[in-house]
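Q: Mind docking chains B and C on chain A? Use the hints.
Residue numbers (my numbering), protein chains in the order written: chain A, 1 to 564; chain B, 1 to 262; chain C, 1 to 434.
Keep in mind the hints are simulated off the structure, nothing from the lab. Be aware that one or more of the hints could be misleading.
[Unchecked claim] Subject to a maximum C-alpha distance of 25 angstroms in a straight line, what follows is the list of computed SDA-like cross-link-like pairs (lysine to any residue):
no., chain 1, residue 1, chain 2, residue 2
1, C, Lys359, B, Ser14
2, C, Lys246, A, Asp154
3, B, Lys34, B, Met1
4, A, Lys83, C, Ala153
5, B, Lys18, C, Ser58
6, B, Lys18, C, Phe197
7, A, Lys403, A, Val459
8, B, Lys254, B, Ser219
9, A, Lys157, C, Val425
10, C, Lys40, A, Asn541
11, C, Lys167, A, Ala194
12, B, Lys262, B, Leu178
[Claimed, not checked] Covered stretches of chain B (chain C as the covering partner; in silico rule of three or more C-beta atoms under 8 angstroms from a C-beta of chain C):
no., region
13, 10 to 19
14, 37 to 47
15, 66 to 74
16, 137 to 151
17, 199 to 208
18, 246 to 255
Values in this document were obtained by computation on a predicted structure and should not be read as measured data. C-beta atoms are modelled at their ideal positions from N, C-alpha and C, and glycine is treated no differently.
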Amino acid sequence: MEEGELLIRNGVVYDPINGVKGEKKDICIRDGKVVEEVKNPKIIDAEGRVVMPGGVDIHSHIAGAKVNAGRLFRPEDGRKGVKARTKVCRPESGYSVPNTFATGYRYARMGYTFVMEAAMPPLAARHTHEEMVDIPILDNAALPLIDNNWMTMDYVKSGDTDLLAAYIAWMIKATKGYGVKVVNPGGTEAWAWAKNCDLNDAVPYFDVTPAEIVKNLAVANEKFEMPHSIHVHGNMLGHPGNYGVTTSTYDLVKGIKPYRDRPAMHATHTQFHAYGGTRWGDFESKADVIADYINKNENVSIDLGSIILGDTTTMTADGPMEYSLYQITGRKWTNHDVELETGSGITPFLYSGKSPVNTIQWAIGQELALLVKDPWKLALTTDHPNAGPFIGYPIIISMLMSKRRRDESAEDMHKVIFDRAEYSSIDREYDLNEIAIITRGMAAKTLGLHEHGKGHLGVGADGDVAIYDILPEERDAGKIQKAFLNTKYTIKGGEIVVKDGEVVATPAGKTYFVTPECDEKLTDEMMVTLKDRFEHYYSVNFNNYPVQDAYVPNPYEIKAPWRS
Amino acid sequence: MQTIKLKIKEEVTSGAAKIPVEVDPLTPDKLAGKTEAEIKAVKVWWGNKEENTGDLFDVSVEGEAGSAEEVKIVLEGDLSRVKHIGDGMKAGEIEAQGDVDMHCGAMMQGGRVTVKGNADCWAGREMRGGELIIEGDAGANLCAMYRGEMTGMTGGKVIVGGNADECAAQYMAGGEILIKGNTNILAGLNMSGGKIVIEGDAVMPCADMTGGEMMVKGSKVRDIIPSFRLVGTESIDGVEYKKYIGDLAMTEKKAKGVLYVK
Amino acid sequence: MVEVTDVVCSLCGCVCDDIVVEVEDNKVTKVKKGACAVGKSKLMGHGRIESPAIRENSSLKECSYDDAIKKAAEILAAARKPLLYGWSSTVCEVDKVGVELAEEIGGIIDNTASVCHGPSVLAIQDVGLPSCTLGEVKNRADLIIYWGANPAAAHANHMKRYSYISKGYWTEEGKKKKKLVVVDVRKTTTAKLADVFLQIEQGKDYLVFSALRALLYGYEDVVPEEVGGISKKNLLETVRIMKEAKFGIIFFGLGVTHTRGRHNNIVNAIQTTRAAHTHTKFSIMPMRGHYNVNGFNQVCTWETGYPFAVDLSRGYAWYNPGETSSTDLLVRRECDAALFIATDPGAHFPAESIRHLSKIPVIQIDPFPNPTTEFADVVIPAAISGIEAEGNVYRMDNIPIRLRKLVDTEYMADEEIMKRILDEVRAIREKEGE
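In isolation and in its complexed conformation, chain A is listed as follows (with noise of 0.2 angstroms):
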């Protein structure tokens, strides 16, 4: 047998990048990457069974400063989780906000290979990346917030967009991030005072509105070869009504021209920004007008954000959101602004089947789903561990895959979901092509990373596979879930992790990082305001803020030229 060969052969591929839906085909594998044949290799029968590539996750809360402030808080829910130490594993704790290890292990044992954080703090950038190291198994990256910068929206003002495309060029080299995210754009600065903005309110002492800070960073970011879009958390996440604000929010970005083929935007768990209504008592499913609107448009791609019921706690960068929640519940509430940055809150939430809000926001995701006709502009995210845990993403794919399971779901939900939205009326079903294209191929696309080896199968990709214990004709939902929860094996980099639902090893993942390579005048005029910044405003140093190299010791990273 050679050294790092392995076949795997027998198995029905769904490798959509490449085109590939459910063809009975060998996988061949050499030094941790797929390759046309190998010689003498290691042999797995997969015996009919369903193969993908490693799934990739476009946007989750895995790992950081908020991330840990979930944990600490919440040690009730680290006992959700607990599992003993093996040969092989760390012990596990944690359902909602899992341990490092059982991060690694549990999105490994589901067939995932790459993970996106999706909400690195600037400043507390060397956090991420020091639990990024800790967390198995799995390749990543994180994004930097760059929206509620006060340089960020200084350049806005301004309308300096080559600046300000410096601004972000440092900021993301800075952090060893991978592109720009935006949270509640002007929001999260105005919850500085207590205060919050809609789209088109000024930001208290900055004079700029969320709308200009969108689209600014768009065009900013498209002056580079970026492999991502903006990834946008917009303005009044979770509040009733706000689907109007969320297709204002995509406009913003017609007209201007992404780098390569992928949307300029995009949006992120999408469920929570396609509400109607006008209050929690006439909620209801705005999901309808979403979908429209990306089946019209080739501006934005989507993720589901899509609700699992339970027990789970929410944390995002978006401060006055967390609050407007705590508000509700009464439950524990944490706040942490970041100086001249961002800023964050946490506070659990229970998704409950018997309440009608919590019912609709079930419905919204899945709708979304089953109305965005073309799969290749949405990813499968539950954006954890806000709207659930990922570990119910089986449960989201056998939903997707049988109406029959939806109708029967139903039953059990509030009955409000009968009147307020259109879930029931939906008779669309998912196949295994479709499912494996929203839970890697679209996020690989959409990421720029199927040009780096993640998502597919092709010559010269990375050898991460998962190998499901189903046929293809498979069409029980409960075996569909237990399939999508357990891999019969993944495969990463050409290592056998996951055996029959077991970790069996545990390599190190590597951090994927951007470096956009800027104009070099406009840096050094953009650097006399940073270090001024840092000189007056900041509480560290400007030499101490940079993520040292000794923080990624797995480095991968991808240039990003200079466009214009």
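A: Showing chains B and C alone in chain A's frame:
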């Protein structure tokens, strides 16, 4: 009826270090139907090693039981380092003949635990049902919640013959507690339901209370929380009590707790 | 002579990072800027443990690092309930190895939070923590409240860098436009600077917080004329100042966490912050002591799920301070071996715990000799983090900062010592066939 006697061996508690034995696997519902040999082979944690029950306890079994309800476990010897007695038990009876260590009767759902001495902290933690009788004193956090939870005891009945230390019944949401002695600070903290009667005195009772009822029969209640509202007097069993509503520090909307003080 | 700038101080939770020092002949010879007197003294260095040593017939005998590490591993591998304690005055990289070792030996890992701000952590687990970074305070706060904390003595640069005396974006005029409120049992140095000083009776903090909450929510009628030694008039005045502030912050210290009510005092302080937040922006922050006490809590949380006092006896984490916290374990004589790293229980733990420690094998890892050295059975000297070794630490407001290495040393760094102990333990386990 079946009686299982477990007498802790002297060498378990005689070392320089007094390492607790954790006996959560030794409840009537888990031992019912087992032979003496099988009981001796049940694994219990002693520090970081699992040991056979028979290596730590002298085990004797008398009579037979058709179900857990007919099983009585009697624990003997120095039990001051035996934790989790009756933890999670559903039925039957446990009698501990002496002072017991932490978590006695924690998560109990049914049956009865009697402690012939004192019980250390977290006795009756998150209790859901059954009966817990502590003839001596109870340590801190009697019938309280686990760290971070917002619900402690939800059901069952607890009697403490002596005093109870700090934070008794924190986050209590249901059930009944009778404390015949005094309570240390913050009894009934965050209480939202259920009933507590304290025959002795109390200090700073019922802070952040949102529901339920506490009656302090002793003559001394020190440091009444300054955010409680005195609403009048009430005569109960021929005794005049001041009636307080609170805790207004949780806002008026939530302040639905009642505190009776002599 | 070389001048080194942006030096990060490894003393207290302020983690000042604007220090300038001079280094000559591999020694810090001068602290030119930035550090407070205590920080300066640490940077300049003092007496060290000279050699690894093992106790034989009641006296320490010098030995090699190899022998000391081997002996330490033997002690830990044989223990039924070993305690690994300290971790706050070293870097996160070391804390990570500590957690791994605790898993390997089925031990309990705990840090000094257990005897300082552990109660704050317990309070956060009850109600959360509305807070912010120190730069937010510097730029925005117009009301600073120190409660049971005396930064003028314990965190000398705190007021200057981050709070009352600092200047920022909306606070250009510094303390002129700010209010300082101090609550304490005695008139401390900090209290002398205050606009309002509330002298509280010992052990009555809980009651005063409840009264403030009632007033902030508008129930003036129920609050008595005096609470905890403070008149209702002064309480009302404090509430008025709180409501009128644009951005208020409460910094609290061990004066609240270690008096009657303990962690529930902090719950009530946080509840008071929440009540104030219904009127204006309000935050609260613990004044963490050791420079990386927070860092251990962070590492331990993401690795085990819990911040301190984690018992890994059963191969998974069980967390229950009061039961699994060091002083409780030692007073109850539960442990049969202990490792202390970068800490001094000999000076800080109750006498009963020390009595028990004298009966069980104790391992000490530290740059400096201290009372613990007097009874330790294995002593392993270490490099000083932040001077002789680099690594990550977390400031009191959760901001991660990297300590710099300023000079070379022949002392082994904590990380290497810990890794080698772990390797030795694994070798013993392998031999035992486990």
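Q: Each of the hints needs a verdict: does it hold here or not?
A: Now the hints, each set against the structure:
no.	hint	result
1	C:Lys359 with B:Ser14	14 angstroms, holds
2	C:Lys246 with A:Asp154	23 angstroms, holds
3	B:Lys34 with B:Met1	14 angstroms, holds
4	A:Lys83 with C:Ala153	45 angstroms, violated
5	B:Lys18 with C:Ser58	24 angstroms, holds
6	B:Lys18 with C:Phe197	48 angstroms, violated
7	A:Lys403 with A:Val459	36 angstroms, violated
8	B:Lys254 with B:Ser219	28 angstroms, violated
9	A:Lys157 with C:Val425	60 angstroms, violated
10	C:Lys40 with A:Asn541	19 angstroms, holds
11	C:Lys167 with A:Ala194	21 angstroms, holds
12	B:Lys262 with B:Leu178	17 angstroms, holds
13	10 to 19	holds (count 5)
14	37 to 47	holds (count 3)
15	66 to 74	violated (count 0)
16	137 to 151	holds (count 5)
17	199 to 208	holds (count 3)
18	246 to 255	holds (count 5)
The structure does not agree with the numbered hints 4, 6, 7, 8, 9 and 15 stated previously, though it agrees with the rest.
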